[in-house]
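Undergrad: Each chain, letter by letter, is given below.
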Amino acid sequence: MSEGLEIGIDRTRCNGHALCAELLPELIRVDDWGYPIIAAGTVPEHLLEHARRVVARCPVLALRLRRSSTQGLH
Amino acid sequence: MSGPGLLDGRDLRTGAESLREHESRLGPLPPARPDLIKTIERSGLLGRGGASFPVGAKWRSVAGRPSGSAVVLTNGSEGEPLSRKDQVLMECRPHLVLDGAFLAAGAVGADRVFLYLGEDHPTAVAAMTRALGERPSSQRRRVQVRLGPQGYVTGEESAAVNFVNTGVAAPTSIPPRPFERGVAGQPTVVQNVESLAHAALIARRGDDWFRSQGRDGSAGTVLLTIGGAVHRPGVLEVPAGITVAEVLSLAGGASGSVSAALVGGYFGSWVEASRARELRLDAHSLHAGGNPLGCGVLWLLPATSSPVGVTARIMRYLAGESASQCGPCYFGLQALADACERIAGGHSNGGDLDRLCRWCSHVSGRGACRHPDGAVTFLRSALRVFEAEFSAAVNEGGSLGVRS
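Chains as they are written, first to last, in the working numbering: chain A, 69 to 142; chain B, 2 to 405.
Keep in mind that the hints were calculated from the coordinates and are not lab data. It is possible that some hints are incorrect.
[As the list claims (entries may be wrong)] Computed from the model, here is a short list of chain A residues facing chain B with C-beta under 8 angstroms:
{"hint": "1", "residue": "THR80"}
{"hint": "2", "residue": "CYS82"}
{"hint": "3", "residue": "GLY84"}
{"hint": "4", "residue": "ASP100"}
{"hint": "5", "residue": "TYR103"}
{"hint": "6", "residue": "GLU113"}
{"hint": "7", "residue": "GLU117"}
{"hint": "8", "residue": "ARG120"}
{"hint": "9", "residue": "CYS126"}
Even glycine gets a Cβ: it sits at the ideal position worked out from N, Cα and C.
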């Protein structure tokens with residue numbers, strides 16, 4: 069069974085370091101001001117390990133992996 | 002002017018109704034009946050803070066918590082500059098608001114009530130505080146008054162809770178939402194003062210009565226703030242489902258030629274004048290039609306005003322009211338406001354219209370709260386309704402040969 073996880077972001081914590089976009093360009097790019105735009109939806113199986121790494125490496129711990137059914141952070 | 006419900010009773014110009022007048026007119030506070038939530042649900046009462054969320058559903062979520070106590074946060078902060086209806090309600094009928102707060106507390110099993118008011122609304126604060134002082138001590142001691150700072154987003158539900166918890170009136174990331182975890186980590190009903198006032202009448206008169214107050218299937222009455230190009234700006238209570246045209250005539254008619262109406266305030270959207278008059282002020286149909294009722298502001302733009310200039314001014318205000326917590330909101334709204342001002346000032350070219358579109362999609366949905374979304378909705382409606390004026394302003398800039 070796939071886990072159905074998606075990347076959630078606490079926008080009040082994010083400071084636009086954009087390390088996440090560097091590490092996971094398949095899912096994350098930056099806007100005109102350097103803040104991450106995260107692709108919506110569940111993380112593909114083959115990118116899950118990368119996603120976990122990106123969550124762990126965020127300098128301000130703004131990212132989280134959460135079950136797809138939960139609303140809220142984006 | 003008095004209406005059929007909330008604003009019944011003494012002339013609004015004579016100030017607050019006392020507890021004695023309130024009780025002799027309406028009877029005492031009804032006891033907290035277990036079926037009150039069902040009555041509120043059946044009434045169709047929608048929240049009047051801007052989101053139009055069903056009040057009964059919110060109370061039921063909090064009442065349905067597995068364990069522990071709960072909190073009621075009465076939201077009277079009214080941050081929308083064009084809106085006066087909450088202030089008028091608190092200044093003139095404070096006991097309706099207090100009744101509603103105590104009824105909500107009884108219905109959801111909350112032992113504490115917070116009155117969240119605006120420090121920039123001293124008349125309303127004085128009226129509510131005085132009214133609280135008239136209540137019996139068994140009610141008074143459950144209530145704490147909190148004065149939040151002036152600010153557009155300070156009345157957002159998570160900002161209100163955050164202020165009570167930490168003294169900072171900034172929105173917080175969700176989840177959890179206040180109904181799950183709010184003041185002191187407890188499930189919290191954050192409810193607009195008008196919503197609570199309606200509940201206070203529904204508890205006495207029933208859900209059928211409330212439904213019957215509306216027109217053509219709409220439920221209840223609504224407080225509106227009418228402003229702009231009308232002869233008698235101010236707060237009116239009207240049946241839900243009434244048309245804009247009828248509301249206009251209640252407000253003495255337009256004071257000149259009108260190019261558009263702003264429905265819902267700065268968090269709302271523009272409607273061209275030709276479409277505005279026939280709009281029914283019903284939350285459901287307005288939402289379906291793309292012009293949500295929001296906090297009930299109806300503001301008429303005079304044909305003598307520049308729509309581009311007015312839009313730029315409001316965008317600058319909204320940019321300045323960002324809580325500055327989230328990059329896309331903080332930077333994005335400033336960029337949008339800058340571009341609008343360039344266009345309004347004739348210093349732009351076609352590049353700015355493309356930028357506005359791109360930035361709108363980069364900003365919306367990318368903050369912790371809905372402030373950037375509201376600003377984008379407002380701007381997109383301006384670009385649609387005033388497309389010709391924006392194009393003309395841009396061409397004027399381009400014809401001057403000015404770089405963008």
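Undergrad: Now look at each hint and say whether the structure bears it out.
TA: Here's how the hints hold up against the structure:
1. Proximity of THR80/A to chain B holds as hinted, the smallest CB-CB distance being about 4 angstroms (cut-off 8 angstroms).
2. The beta carbon of CYS82/A comes within 6 angstroms of a beta carbon in chain B, closer than 8 angstroms, and the hint placing it at the interface holds.
3. A distance limit of 8 angstroms between C-beta atoms decides the matter here; for GLY84/A the minimum to chain B is near 5 angstroms, and the interface restraint holds.
4. At a threshold of 8 angstroms, the smallest CB-CB gap from ASP100/A to chain B is about 7 angstroms, leaving the interface hint in force.
5. Checking TYR103/A against chain B: minimum C-beta separation of about 4 angstroms stays under 8 angstroms; hint holds.
6. Against a cut-off of 8 angstroms between C-beta atoms, the interface hint on GLU113/A is violated, since the closest Cβ of chain B lies about 25 angstroms away.
7. The beta carbon of GLU117/A is not positioned within 8 angstroms of any beta carbon in chain B (closest approach about 26 angstroms), and the interface hint is therefore violated.
8. Evaluation of the ARG120/A hint against chain B yields a violated restraint, the C-beta minimum of about 21 angstroms exceeding 8 angstroms.
9. Interface hint status for CYS126/A: violated, as the beta-carbon distance to the closest one in chain B is roughly 14 angstroms, over 8 angstroms.
Violation of the numbered hints given earlier is confined to hints 6, 7, 8 and 9; the remaining hints are satisfied by the structure.
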